[in-house]
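K.L.:
Use these hints to put chain B onto chain A, whose structure you have.
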Amino acid sequence: MPKKSFRQAVNEALRQEMERDPTVVVMGEDVAGGMGAPGEQDAWGGPLGVTKGLMPQFGRERVLDTPISESAFIGAAVGAAATGLRPVAELMFVDFMGVCFDQIFNQAAKFRYMFGGKATTPVVIRTMYGAGFRAASQHSQCLYNIFTHIPGLKVAIPSNAYEAKGLLIQAIRDDDPVMFFEHKAMYDEEAEVPDEPYAIPFGEANLVREGEDVTIVALGRMVNVARDAADRLEGEGISCTVVDLRTTSPLDRETVLETAAETGRVVVVDEAHPRCSVATDIAALIAQEAFESLEAPVRMVTAPHAPVPFSPALEDLYIPSADRIAEAVREVHGHGRR
Amino acid sequence: MSEGIEAVVMPKWGLAMQEGMLAAWLVEEGETVARGQEIAEIETSKIANVFESPAAGVLRRRVAREGETLPVGALLAVLAPASVHEEAIDRFVAEFEARFAEALAARKAEAAPEPATLEAGGRRIRYLEVGEGEGPPVLFLHGFGGDLTSWSLNQEALAGERRTLALDLPGHGGSDKRIARGDLEELAEAVAAFLDTLGLSRVHLVGHSLGGAVALRFALDRPGRVASLTLVAPAGFGEEIADAYLEGFLRERRAKKLRPVLEMLVRDPTMIGREMVEEVLRYKRLDGVPEALAKIRERCFGGGRQRILLRDRLAELPMPVQVLWGREDRILPARQAEGLPEGVAVTILEECGHLAHMEKAEACNAALRRFLAGG
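Those protein sequence lines, which keep their order, are chains A and B.
With our numbering applied, the first sequence corresponds to residues 1 to 338, in that order.
With our numbering applied, the second sequence corresponds to residues 1 to 375, in that order.
Be careful, since some hints might not be right.
Distance condition first, Cα-Cα at most 25 Å in a straight line; then the derived DSS-like pairs of lysine-lysine [claimed, not checked]:
| hint | chain 1 | residue 1 | chain 2 | residue 2 |
| --- | --- | --- | --- | --- |
| 1 | B | K256 | B | K284 |
| 2 | A | K3 | B | K177 |
| 3 | B | K284 | B | K257 |
| 4 | B | K177 | B | K12 |
| 5 | B | K295 | B | K284 |
| 6 | B | K295 | B | K177 |
| 7 | B | K295 | B | K257 |
| 8 | B | K284 | A | K3 |
| 9 | B | K295 | A | K3 |
One-sided excerpt, in silico: chain B residues whose CB lies under 7 Å from chain A [stated by the list, open to error]:
| hint | residue |
| --- | --- |
| 10 | G67 |
| 11 | R285 |
| 12 | L286 |
| 13 | D287 |
In case anyone wonders, no lab produced these hints; they're calculated from the structure.
Computed from a predicted model, the values in this text were never measured in an experiment.
Every residue gets a Cβ at the ideal spot worked out from N, C-alpha and C, and that includes glycine.
Okay, chain A solo, but in the shape it has when bound:
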C-alpha cells in the first residue's frame, strides 16, 4: 500500500470528497493564494501547503481565499452549511478561535437544537494545534477540550495519516458541525494510506496496542508518543494497551471503560493543560464508572498549567514525553504490589 504523509492524506480526503460531492467547498486564509489579485495563483495552498492543488482542479468557485477575518469567514462557512453547502473552513491556528467562537459554539452548535431538528449544519472546521513547532504560546495550544465541552459539536483528532484521511471524509459527510484537529508537527509523518476513499466512524476508539498490565488512553499526536513508551516498557516486562480516542465528541465510553477494567491500571495522556481537559474527563469517567475494577489511582500525563514556552529547551520539556509516560506507567503498575 502506498505511503503518504499526513499532509497528503488530508489533501486527498478533500480532493476525493470534492470530486464526489459538488456541494463541498474549501475556504480560509490563503487556502490557494492570490485570489482577486494579478500574479501567481495557488502559490500558498494553505500556510503549510495542505490544500495545494485544489484550486487549479476545482476553480475559484469552490476554493475561496478569504480575508484575514476569522469571525467573517467562519461565520460565512456556518451560514453556507445551514443553506445547503458542505464547507470545509480552515481556521489556521486553533489559537485564533477567540475571534470566531460565537459563530461556532453559539450558532453552528445550536442550530439543530434551536430549530427543532429542522436545520442541519454540515460544516467542517479544520484547524492546527499543538506544541513543538517553536511557534510560542499564541500558536501552540491544544484547545480541543473547549470544543469537546460544547454539545452539538463533534471533535476529531487524528493520530496519523491513515486516521486523518478516514476521519476527515467522515467529518465532511457528517451532517453536524465537526472540529477537525491537525497537529502542526505531524504533517510530514507517513503511514500506509489507501488510494480509495474510506470513512472511519466517529465515536469508535482504536486499540493501537493490546496488553495486560496497564491501559494508556491518548489522543492525537500523543498516541504515537504513548506507543513509543509502551514499546519501551514491553522490554521491561510491562505490557500496555494503548487506546486512541480518535474523537473526543462523541466519546467511546465503552472502549475506555472496558480497557480500564481489563487492566485496572490507567494512565491518560493529553498534550493539553491539565485542568478541565480531556484527560480529567477520562479520569473522572473511569473513577465514576469503573472504580471497582481499579487497582491504582488513574494517573494523568499532561502539559503543565502554563503557556507553551518559546524557549526551545523549555518547550521540549513542556510536551509530554515517552519518558514521562513510561514513568507514570511504572508507577501505576507498581501501585499496591510493593
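P.N.:
Okay, now just chain B, sitting in the frame of chain A:
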C-alpha cells in the same frame, strides 16, 4: 567456520514477509531438538504460527529474544553438538551477524514484488504477477472478503517454476468496488476480461471458497481456457454454509468483535494476527465495500444457504480437477467433498480449517506442484 554449527534463521513465510517477531521460545538452551520439532512461535504482520526446526541438534544458543522483531534471514538460534566450545559459538554468532548486516544492506536495494492494476471489462482490477516459465500460467482466485495477499504463502512457492498471477475479485482488495448483480457469472466474466486484457488464452485455475465457485463457473462456461482446476474448500458443493461467519464479517466494525469471527476461519485461533484483523477492518471501510459484499452474499449465500450449487456438473469438465479441504473447516463442511465423481482427486487435510492454503501451505503447495506436473 567450526564443525557442525548450524544457524537457525528467521523464515520467510510468503512474498510479503520482510520481518517477523519472535513471540515465544518453545525450547530451552541445551535441549536436543529434532528436525521439524516446534521450537518457537513467530508472528508476522499477516499471520502467527509455530516455527519448526530446520535441522536436528542441540539448541546451544537462543540469539533472538522473545518479543524481538527481526528481518527475514536474521539469526534466531544456533544448533551445534555439545562438544563445540562456547567460544566457537560466540565466534559463529559474531561472524554470522557481520555477514548478515552486509547482505541486508544489499537486499534493501531489491524490493518485494508490487501489485499492478489494469482496466478490464470497464473495471479496475488489481493483480500480482510473480515468476515465469513454460506452459499456461497459474491464476489464483481468493474467497469472500479476501484479496490476492491470501495466496502469499502459495504464489511464491509455485513462482519458481511458472508464471503465477493472483487477482482481487471485483468488490475486493484494490479492485473496483462496483458490483452489478453479485452472482458467479459476473465474477467469472470479470476474470475472463482480465485474462483477455493480458492476452492469456489458457490458465491453471486455483480458487478458494467463493473463488473456488467462481473458478468452477468459469471452467464450466469456458472449458477451453482452463488447463486444470484446483478447488480449495470451494463454495458451490452443498447448501450448508456458516451464515454466522458471513453475518459477523459484514457486521462487526471493531477488532475485538471481529476477531472471534475471523477465528472461525482457522483451526488454531492464534493464527489470526492483530494485523490481519486490522486489514479486514480497513478493507471494510473502503467506499463501496459493504454494498458489494452484501450483494455477493445475497446472490450466492442468501437466506443462510448456498444458492450456487454446481457440484452435480463436475462430471462435465474435460480438464483435471482436484479438491483440497481442511477436515475441521467450520465455514464450509469438508463432508461436501464426499461422493464426488470419479476422476476428481480429493485431498482432506487433517488438523486444518477453512484457510487450508494458509494453514497447511506446504501440503497444499506440494499437492499443487504434483497436480500441475501431471496435468
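K.L.:
Each of the hints needs a verdict: does it hold here or not?
P.N.:
Structure-based check of each hint:
Our distance criterion of 25 Å between C-alpha atoms is met by K256 of chain B and K284 of chain B, whose separation comes to about 15 Å. A distance of roughly 22 Å separates the Cα atoms of K3 of chain A and K177 of chain B; the hinted pair therefore holds under the 25 Å criterion. A C-alpha spacing of about 14 Å is found between K284 of chain B and K257 of chain B, which places the hinted pair at or below 25 Å, so the restraint holds. The straight-line distance between the Cα atoms of K177 of chain B and K12 of chain B is roughly 32 Å, outside the 25 Å bound, and the hint therefore fails.
About 14 Å separates the Cα atoms of K295 of chain B and K284 of chain B, which keeps this hinted pair within 25 Å; it holds. The hinted pair formed by K295 of chain B and K177 of chain B meets the criterion: a straight-line CA distance of about 11 Å does not exceed 25 Å. Distance restraint check for K295 of chain B and K257 of chain B: the Cα-Cα separation of roughly 23 Å lies within the 25 Å cut-off, and the hinted pair is therefore satisfied. Of the pairs offered as hints, the one joining K284 of chain B and K3 of chain A holds, with about 19 Å between alpha carbons and a cut-off of 25 Å not exceeded.
Restraint check for K295 of chain B and K3 of chain A: not satisfied, since their Cα atoms lie roughly 31 Å apart, outside the 25 Å limit. Because the closest C-beta pair between G67 of chain B and chain A is about 6 Å apart, less than 7 Å, the hint holds. Contact between R285 of chain B and chain A, as hinted, is supported at the beta carbon level, the nearest pair being about 4 Å apart and thus within 7 Å. Checking L286 of chain B against chain A: minimum C-beta separation of about 5 Å stays under 7 Å; hint holds.
Because the smallest distance between the Cβ of D287 of chain B and any Cβ of chain A comes to about 5 Å, under 7 Å, the interface hint for this residue holds.
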